[in-house]
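Build the complex from these two chains, which are given one at a time in their own frames, with help from the hints.
Chains as they are written, first to last, in the numbering used here: chain E, 1 to 259; chain F, 1001 to 1260.
In short, the hints are calculated from the structure, not lab data. Warning: the hint list may mix true and false statements.
As the list claims (entries may be wrong) - Listing some non-contacts, in silico: residues in chain E with all C-beta distances to chain F over 10 angstroms:
hint, residue
1, 112
2, 187
3, 195
4, 204
5, 228
6, 230
To be verified - Mimicking DMTMM-like on lysine to aspartate or glutamate, the simulated pairs with C-alpha atoms at most 25 angstroms apart in a straight line are:
hint, chain 1, residue 1, chain 2, residue 2
7, E, 13, F, 1235
8, F, 1196, F, 1235
9, E, 3, F, 1022
10, E, 13, F, 1109
11, E, 81, F, 1110
12, F, 1145, E, 14
13, F, 1187, F, 1083
14, E, 81, F, 1083
15, F, 1144, F, 1127
16, E, 81, F, 1175
17, F, 1104, E, 213
18, E, 3, F, 1125
19, E, 13, F, 1083
20, F, 1104, E, 79
21, E, 13, F, 1110
22, E, 3, F, 1131
23, E, 81, F, 1017
24, F, 1145, E, 79
25, E, 255, F, 1022
26, F, 1144, F, 1125
27, F, 1250, F, 1211
Ideal Cβ placement from N, Cα and C applies to all residues, glycine included.
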Amino acid sequence: MSKVLAIAMVGIKELVRRKDFYVLFILTALITLLLGSINFFNEDHIARYLKEVCLLLIWVAMLVMAVVTAARQLPSELEGKTIFPLLAKPVSRVEVLLGKFAGCWLACGLALLVFYLFFAVLSASREQTLPLASYVQAFWLHWVMLAIVTAMTLWGSLLLSAPSSNATIVLIISIGILLVGQHLNKVAVQLSGLTGVVTAAVYYAIPHLEFYDMRSVIIHNWGTQPWGIIALATLYGACYTAVLLLGGWLAFRRKVLNP
Amino acid sequence: MENATGQARGEAIVEIDRLQVEYRPKGLRQAAKMALRGISLSVHRGEVFGFLGPNGAGKTTTMQVLLGFTPPTGGTARLFGVDVRKPIARQRIGYLPELTYYYKFLTAEELLRFYACLFGLSRAEADRRIDGLLRLVELEGVRKKAIRHFSKGMQQRIGLAQALINDPEVLLLDEPTSGLDPLGRMKVRQIIQRLKQEGKTVFFSSHELGEVETVCDHVAILMDGMVKAQGTVGELTANHGQSLEQAFLKIIGYAPREVA
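In isolation and in its complexed conformation, chain F is listed as follows (with noise of 0.2 angstroms):
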């Protein structure tokens, strides 16, 4: 497969196929709420594919199918050819949410150590594998210190760590730098970039469009459930505006009025 540049894409890792969710409503007077309709689009091995949108957009509601959260209504959603609903599609993928959302009497060690065990490493990879994350992201000085004591930047860190226990080949970050201080920030851009050069697939949702632009190979604009546009970041911007800024704002259809 090639895009628009001519460049050939990697195997298909993530496969979204015509893809609906409908909440059904809770009680009589509510209407049913369409929150995704029929979205399409594929993540290629070696891609980071950024994923934006306004908020309720539909972009956490993808991330839930993918992760099996939540069952699509219609269409499919495929992680390695393999259904999501089945949990053995999550085998190969690391995900980090927005919020950090950890057991919070674990110490960072105890967290990994219990993630591996899901993942079924031995003790001895797992070991190995704590060590290495801890030291990614700056955290080796803190291991036995219990989460709850952790400022929210190394929540998020110690959140990036599980998500990469198991080495995986996909990345779900739903908003990964949501929160965070500049220097935050930075740090998690800087272990999202070198996971890119490591060849890893990287699917994730965010509201930094300066962010999405600089780590970005593809990018998907998600609107009212679907997706309003897609390609690179180079094609979004020669096709509707002159940065990804303003081709967003294109894109979902924001007209600035003048203040008075």
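Bound-form chain E, shown alone (with noise of 0.2 angstroms):
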């Protein structure tokens, strides 16, 4: 475990000093103040729409930062041969991936904390209140889902030898999910014959990021969900992480190393 952790502080102290998350960030804030300075909404809206426009930004640049990130991460080793003094050590293949994996996430998580945090101010700065309760709920989940996404990634990386192509796949496949995964059963129930059969089939095989997203709660200050239903969507994230996880660890098992 110690080994897997010291892989993943490596990773958090490369993303902390190749300053992506400060660019993004700092594009976040300047966007979200710059909208919420603009008065052009009677004042009854205007607090729901800026909190609509920072939470779509923060998905935005989470979706980007994790994807980016894990994308270059065992390319990047094996690119600049970092992979060879690392496997040299008495350190395992799996060990490896699992660092990476939990370097990106953890980062992701910190990152994802302050775009909250940043957030909450914000919100309740228009608002005078702060569901924390939901904000944590909304948080948590937005960071399993990355955790899926980040496991995706890392297994995309060990098959598409370009880190460009991985992350643009990689994005579509996400986006798409996110936008029309939940309304594939209802298209394959339309479909018949074999492409019904197959659309449901994808409908049943696809990590469903939609489940991972509480922006409408957020927005409409639906209130808290109950919390056997984030505990449930938990299970299902931690499920599909390690499955992909699995799917990596087989492609990076066997892969021929050439210094």
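As structure tokens, this is what we get:
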């Protein structure tokens, strides 16, 4: 476990020193503050509008950050050949993979926390209320979703040699699931024959990232969701993350490394 | 076990037996390539073992197998009696790659601490070893400096320090002085000599025949994936030529042509 954490900490240090997060955060903060300062809607709706825009920006920024970060983890180790001194130590490939995953996920968690704190301050300053429990739930589910996306990207990085191709494909899949994932079963019912069966199979096979989207709950102040549902969603996310990491390990286990 | 001069050799630490590595073709038109054709050798405790051969002879492939990067397609390779494919086999070894492959965004101290952690060293033990190693490789003054700001020689020295972080019993050095200036080469050679005096086992590949002659007890010469000759430097020069260079050229079958 200490080896996995050590590898994860190196990943976090790299992210902090590369300053990608700062750029994303400053951009998100600037856009949100700019929109918040312009009062072109009536006062009743501006807070809700601001929350919606801010949350959308946080979702986009975090998705990009998780995918881009995870996509370059193993390829940069292989390209820079830092994998060789690493694997020359008593470290197994599964520990390297788990370390990379943990590093990305923890770093994304830290970034997400900063984003949600910013959002909470902004929202509280407009609405004079702070529904902390809802924010904690939204943060947690968002983080669990990023675990699935990170694991998917790491697996992809072992199958596709170019990080940019991998990042693009994972982003398309993730956004696709978020936008149309929940409607696939309805489409499947309307289709006949093999197409319908395939669509239904896809619906049941994909990780439903939209389960983790609590933006509407926060924007409309619908209150706290049952904690049992949050626990189930966490378990669902953990299962998908484990399956995706298993796929990554199977791809990494037999990969021939040539210095 | 005794060598030809009757000197007893210690316990075998590195054991390679009929090792074969075949690279499968990537395309239909490519043929499979035999990188190693059943090589056998053993490195014993306290020896400095030089691994010589022209480019493409199979030296790096042998290192890759010993480090578990490349799976053998035949034969066996063991470190301390443990199959090299098991990560635990690497618990007591140190490895210095030919080129400097380290996390450039880390400082020298952070890099060594990271590798110390992978060996499960306690914080106190890691601190003690990091201080000692930075002193040994003369990088104490730049311990807080990021590796990306290091010169090539400094990077090679931090590489040597990371290879020694676990106080290894065996050191695998892949062309440790490659690309270094004469001063850098001398420093690395001095460190190898010092490790030899401390009784460490060193297995290193090199193109520097003078260096091999100076520091090695045993030498193996590799050509086309096969061990063409092995023994002490004295045995090789006695059987094949007056100097190690002459012996090496004769063994690999090099016949110089006269320039018109």
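Here is what the structure says about each hint:
The claim that residue 112 of chain E lies off the interface holds: its Cβ sits roughly 23 angstroms from the closest Cβ of chain F, which is beyond the 10 angstroms cut-off. No Cβ of chain F approaches the Cβ of residue 187 of chain E within 10 angstroms, the least distance being about 40 angstroms, so the stated non-interface status holds. Listed as a non-interface residue, residue 195 of chain E keeps its Cβ farther than 10 angstroms from every Cβ of chain F; the least gap is roughly 35 angstroms. For residue 204 of chain E, the condition that its CB be more than 10 angstroms from all CB atoms of chain F holds, with the nearest at approximately 37 angstroms.
Against the 10 angstroms criterion, residue 228 of chain E stays outside the reach of chain F, whose nearest CB is about 39 angstroms from its own CB. At the 10 angstroms boundary, the C-beta of residue 230 of chain E stays outside the reach of chain F, the nearest C-beta of that chain being 34 angstroms off. Distance check on the hinted pair: residue 13 of chain E and residue 1235 of chain F sit about 52 angstroms apart at the alpha-carbon level, beyond 25 angstroms; violated. Using a Cα cut-off of 25 angstroms, the hinted pair residue 1196 of chain F and residue 1235 of chain F holds, with the two alpha carbons roughly 20 angstroms apart.
The straight-line distance between the Cα atoms of residue 3 of chain E and residue 1022 of chain F is roughly 32 angstroms, outside the 25 angstroms bound, and the hint therefore fails. Between residue 13 of chain E and residue 1109 of chain F the alpha-carbon distance is near 14 angstroms, which keeps this suggested pair within the 25 angstroms criterion. The hinted pair formed by residue 81 of chain E and residue 1110 of chain F meets the criterion: a straight-line CA distance of about 18 angstroms does not exceed 25 angstroms. For the given pair, residue 1145 of chain F sits about 15 angstroms from residue 14 of chain E by alpha-carbon distance, which is consistent with the 25 angstroms threshold.
This hinted pair does not check out: residue 1187 of chain F and residue 1083 of chain F have alpha carbons roughly 33 angstroms apart, beyond 25 angstroms. Distance hint between residue 81 of chain E and residue 1083 of chain F is fulfilled; the C-alpha atoms sit about 24 angstroms from each other, no more than 25 angstroms. For the proposed pair residue 1144 of chain F and residue 1127 of chain F, the alpha carbon gap of about 14 angstroms is at most 25 angstroms, so the pair holds. Among the hinted pairs, residue 81 of chain E with residue 1175 of chain F is consistent with the structure: their alpha-carbon atoms are about 16 angstroms apart, no more than 25 angstroms.
Distance restraint check for residue 1104 of chain F and residue 213 of chain E: the Cα-Cα separation of roughly 38 angstroms exceeds the 25 angstroms cut-off, and the hinted pair is therefore not satisfied. The straight-line distance between the Cα atoms of residue 3 of chain E and residue 1125 of chain F is roughly 16 angstroms, inside the 25 angstroms bound, and the hint therefore holds. Restraint check for residue 13 of chain E and residue 1083 of chain F: not satisfied, since their Cα atoms lie roughly 34 angstroms apart, outside the 25 angstroms limit. For the suggested pair residue 1104 of chain F and residue 79 of chain E, the alpha carbons sit about 13 angstroms apart, so the restraint of at most 25 angstroms is met.
Note on residue 13 of chain E and residue 1110 of chain F: the hinted pairing holds, with a Cα-Cα distance of about 10 angstroms set against a maximum of 25 angstroms. Taken as a hint, the residue 3 of chain E and residue 1131 of chain F pair is honoured in the structure, with Cα atoms around 22 angstroms apart against an allowance of 25 angstroms. Between residue 81 of chain E and residue 1017 of chain F the CA atoms are separated by roughly 28 angstroms; this puts the pair beyond 25 angstroms, and the hint is violated. A hinted pair counts as satisfied when its Cα atoms are at most 25 angstroms apart, and residue 1145 of chain F with residue 79 of chain E qualifies at roughly 24 angstroms.
For the hint pairing residue 255 of chain E with residue 1022 of chain F, the CA-to-CA distance comes to about 15 angstroms; that is within 25 angstroms, so the pair holds. Straight-line distance between C-alpha atoms of residue 1144 of chain F and residue 1125 of chain F comes to about 19 angstroms, which keeps the hinted pair within the 25 angstroms bound. Distance restraint check for residue 1250 of chain F and residue 1211 of chain F: the Cα-Cα separation of roughly 19 angstroms lies within the 25 angstroms cut-off, and the hinted pair is therefore satisfied.
Against the hints set out earlier in the document, violations occur for numbers 7, 9, 13, 17, 19 and 23.
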